[in-house]
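Enquirer: One letter stands for each residue in the lines below.
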Amino acid sequence: MAAYKPVVVQACPKLGERITQDTLYWRGYKTPVQIKEFGAVNKIDFSPVPPYNYAVTASSRIHIYGRYSQEPIKTFSRFRDAAYCATYRDDGRLLAAGSEDGVIRLFDISGKAPLRQFEGHTKPVHQVGFLSDKYRIFSGGDDYSSNLWDIPSATEIVSYSEHTDYVRCGCASKVNADVFITGSYDHTVKLFDARTKSSVMTIEHGHPVESVLLFPSGGLLVSAGGRYVKVWDVLKGGQLLVSLKNHHKTVTCLCLNSSGQRLLSGSLDRHVKIYSTTSYKVVHSFNYATSILSVALSPEDETIVVGMTNGVLNVKHRKPEEKNEKSQKKRQPAYRTYVKGRTYMPKQEDFCVSKPVKRVLRKYDKLLRSFQSSKALDAVLEPPIMLHTPEVTVAVMQELHRRGTLRSALAGRDEKQVNLLLTFVARRVIEPRFTPVLVTVADMITDIYQPVVGQSAIVDKQFLKLQEAIGKEIDYQEELLEVLGMMDTLFATFTKKRDMCLEENKSNGLTEIVETNMNY
Amino acid sequence: MVSPGALRVVRCGGSTLRGARAVFSADSYLLCAAGDFVKVYSVSTEETLRLMGGHADLVTGIQLNPHNHMQLYSSSLDGTIKLWDFMDGIPIKTFTVGSKLLALYTPASAEESVFVVIPKKGERDTFQLVSVKLTKGAGQDLEAKDLSVVLDGVGVSMKHIAFGREGEYVVSVKDVNLQVYFFKRKLLNRFSLSTVKTKGGDNHFSCVVCHPTEDCIATGHADGKIRLWRNFHHRKEYTYSTLHWHHDIVMDLAFSMEGSRLLSGGVESVLVQWHNESSCQKDFLPRLGSPIEYISMSSDGALCCTLHTDNRITIINSNLRFSRSIQGLIKSRDVKTGLVVDPRTKALVLNGEPGHLQFYSLQSDQQLFSLDIVQRQYIHQAGLKQSDLVKVAFSAQGTWLATVEESEEVTDPELQLKLWFYSEETQSFKLNTRINTPHDNHITDMCFRDMDELEDDSLILVTTGRDCVFKVWVMVEDSDPEAQQSVSWSCDFVGSYHNYQATNCCFSEDGSLLAVSFEETVTVWDSLTWDLKCTFCHPPGNIRNICFGRLTCSKYLIGATDYGFLCCWNLLTCALEWSAHLNVVVLQPDPLSEHIAAVSWLSKESSLFVFKPNEPRPIYIQRNLCKEKILLAVFVPRDEPEIISSEKYLWLRRSQLFFLTDTQELMTLSTKSLEERLTPSSKQLAVEGSLPVTPFSLLLGKHRCQQAQEDIDLGKPVVRHKQEQASPAVKELLHTPAHVLPSASFLCTIFINSLLISKENKSAEETADEVEMESEEAESDSDEEDVTEMEQEDTSHMELLGEMTCKLSKSQEKELRKIRKTDYSWISAF
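Chains as they are written, first to last, in full-length UniProt numbering: chain A, 1 to 520; chain B, 1 to 830.
Simulated from the structure, these hints should not be mistaken for lab results. Even glycine gets a Cβ: it sits at the ideal position worked out from N, Cα and C.
EDC-like cross-link-like pairs, simulated, lysine to aspartate or glutamate; straight-line CA separation at most 20 Å: (1) B:K604 - B:D562; (2) A:K5 - B:D372; (3) A:K36 - A:E71; (4) A:K134 - A:D91; (5) B:K385 - A:D443; (6) A:K273 - A:D301; (7) A:K30 - A:E71; (8) A:K366 - B:D283; (9) A:K197 - A:D178.
To give an idea of the interface, some chain B residues facing chain A are shown, with a C-beta separation under 10 Å as derived from the structure: (10) P286; (11) R287; (12) G289; (13) Q375; (14) Y378; (15) D412; (16) R434; (17) N436.
Next comes chain A alone, as it looks inside the complex (with noise of 0.2 Å):
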């Protein structure tokens, strides 16, 4: 004798991105806060101590926001241009900015005038940073040249002029003192040493580069320029490692996170990718307005926040973490009774009796089991399984429709219900996988509800988006046929060449094709 079987939930592949810890971790963000600057966001910079606030630059200023505050708590304006790449030093006590008329200056994060102006560049200066012995600043200036300034007297040490081009990003080696890197729109990265008068390495990224970065070990260097970020091992010789296309526009900007495992990009192109630091793959990726020029991310990842060209810094702060033993409310069974007589061994002359498994079913496939057509429908409608697990709400529609009892399980409902059911219906009735029955549902309900038409001013409302939905989902298949209709003739010229190579890409073409028809 056969038990009962449960009806079968056909389990679909999700569609679009999987699931991973990643998606996970990344997407464990509020809502984002929006705020809007003077002019495009050109860099953030997170104070490295406590409470982390963080130095925004947009047009001619420098903003201090404080971590949860949307109006700046400090502003620098004592700019005449543009200011460009303010950036905290290693103690978060000193802020040195670059601007548009050559000049550096150099801020103390509680006064208001700058300290030290560092003059010398002949164009404006985009790249400033602090060594990491902190008592000297690099720069980098569209008048092709990288200098390095000494903070206490506020001269200039050093000017290397090897670049051929603007020198729009750099970065300073947090290992040795004396070691910095820039990139320039020259398509090289150099690699400078404080103690040499001239480059160390040179390393050809193909691009103009946008954005550099060294890894805290001081190992691996990333550049961005073009679509492409490409990662570079610096101990041996400027060898490239990996080279990642994952953008369609231009990459402007590059974090790490505070564990160095994920690398941070963010694109003209409104998407900000994250990558794994070990395996060089996209594990998530953010989607944002408009095109992005910065990105920074706090230390713990506690906050992201990003810059773009509209002049809007999106920040996003993560959520709390959930605490468990709230929700868990009701009081468990102690451990005891779990393991109650679990280790007793039986004698040779017990009898064992074996409790047959209780099988736990669903609350439909009881109703189901009692052929209650209606009342498992109505089960399956409830809204935590409307919404969330719609496949078993078609499931059962499916089972009902085999049974053949789905129309007197559909009919004699009221306003209620029947607007319940035709919104899920609307929703539900393009996605392929629901498609075929829930059709037959939407036909069923017509059929029945057809009388009362025009009674109910929800349920029209309801009528006529479905309506809308299945006439878009005719024009867009429509569409499809005509693509395939230009790939298909695509094809034939292909096999007119005979090639053994093509004819095999043709049948994989064909296939996935085929495939992908299916679907629908």
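With chain A's structure known, arrange chain B on it following the hints.
Expert: Only chain B this time, still in chain A's reference frame:
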């Protein structure tokens, strides 16, 4: 050996069990009418113990002899009633009645006569119940022409007539009429229901049973109602009450022995138990698998069994708990999968229960297991579009199983292709990949290619569909480490030919070529590059079957067309080698030899042709293989090649040919004669002298039993003799070289003594038991008894060697005393 021409068609299984209600014998055997045979099953082990053949046609009724519970009456369409001793499987008597017998009743009250249903002479479709006087005669074959008509115009089925309390009256139902005939008063009462069709359906009678102790008749109706009739002695004042649960026809009813419970069953495959004839108290045993055809109760009321339409017997406890089921070849509605042999178990695989695949063992005539493919609750209701299994294929080593299921809807078949992997741990198939809608239309054929299973990439599955394409499926490694399984299947290639429907596919033996038939054309593809190599056709007519030759004939491709042509193409010359005019229904190559079997269907007879592709002359022809149309055939490899002397039957050496007819009977060809085939199956049934064993009878009867046993032992000493030789003393005596032995006269006494002593052991043991039962004096339990026995034997050895024993222990002394008491009279027989 057998003479040529003695190739016989033998039934292997699958014969319908639905001839009559099953009968429980008094001692836990179950008797069933199965086709032309009566089968005896053991209730406790589900085993088929005996097959009693002798009737020339379908057995229509079996009943125990009410005066001797070891005998069984059976009636058949061949017009004979046979009396069997089912313990030994011997027909005792055969009574020839002369006309077709459609049902048989043996009420206890009727002395020396039985009741049968026979067609009325001169009128078609009218039947009468007659009583047949069974003449007492000396011979085996007797004539029973003494017929007297009891009732006219009765139903044809055995369910339409029932005998009432102590055989006082007989009830018959037909259409909407119920008639009761009282034997003593010679009174016939007729009652009829209105013929108006009610909402639920018509109220025709479908079955009738009588209460065993009261005057009450229960009738089942086609609309699912059960009516309980009382007071039917009066024509007018009769009453009936109605029980209604079934939504469809009530197939059978059965009262329990006391009459307090009524069991009913029908198409819903739910057994309903009604208590005290009230409609509120009922129990259900749902999901019995298939519609219930007959219900029968055992005479002690402890068990009941249901016979199902798919030839399954379910045995159910008295508390309505499923006990066990006896299932041979399950009869499915339609064997769409064809006959397939599981390479692992050598079992025959075909459609079983709806949505299941049955693995049927040919050796034991038992179902090995049933694999649930569709995994959906089957609703027993007419007119539903159920999805069922249509195609099945095994890979060469049996590690992969591919199944196709589709719903019956014509327009939107809702196809699913499933691939199952045999898991060694659980010893069963596990679902690996499920592909929804593999083709846009019905799948027509499916086959695996695998030359060597060690290389996984050689495993390829090809499906052909009516959507004019064939698809090639391959295994792909899943790159994702988080996935549960490492391999899954996906489509690799889609091929088509001029937009014709693809109908058949077949791989050559080495797997290098794939033949796919597209309506009239056979196309041959290279399985590496999927290039079309060549095409063959033999117009007019679509290709019905194709297969490649094997071994030495692997260069040939055989095809059969709709228009009745069998063609053989040479793949090297790409030309037609030969063709023959033959309406081939089944084309089946033997996997172990070059032979190909073709079964043709011409002018209502099936003929078998066995040929080798390299020569157009068949090796073997058998015309008129069987009466029914043969739908499917398969070669099953033998475990070890059979020794076949005749040149003509050499093709049967490596494998055996099985075929399935349209009545779903499984047959095979055998070179052995009837006697040879039957001998291994005839086992001795254990005779239990007493009637049903109850705890009380156990207590009471044990003593009696023992005495009887003792008598038997003493009565048949010679039987024991053989076992005695195993005793070490005797062995020693017999195996010692003759020249070291003392003279025979000296040994004789010792030899006889040794026999005596071991004999005593037996009886001593029994007497000890007896002592133990009867009084508390017996302080020694059986274990101790064994010990003494051992010692006893030791001493006997010592005596043999001529050495004196030391002091005897107390128990030994007791033993000796017993020995002295036992009877030695039987020695005089020596």
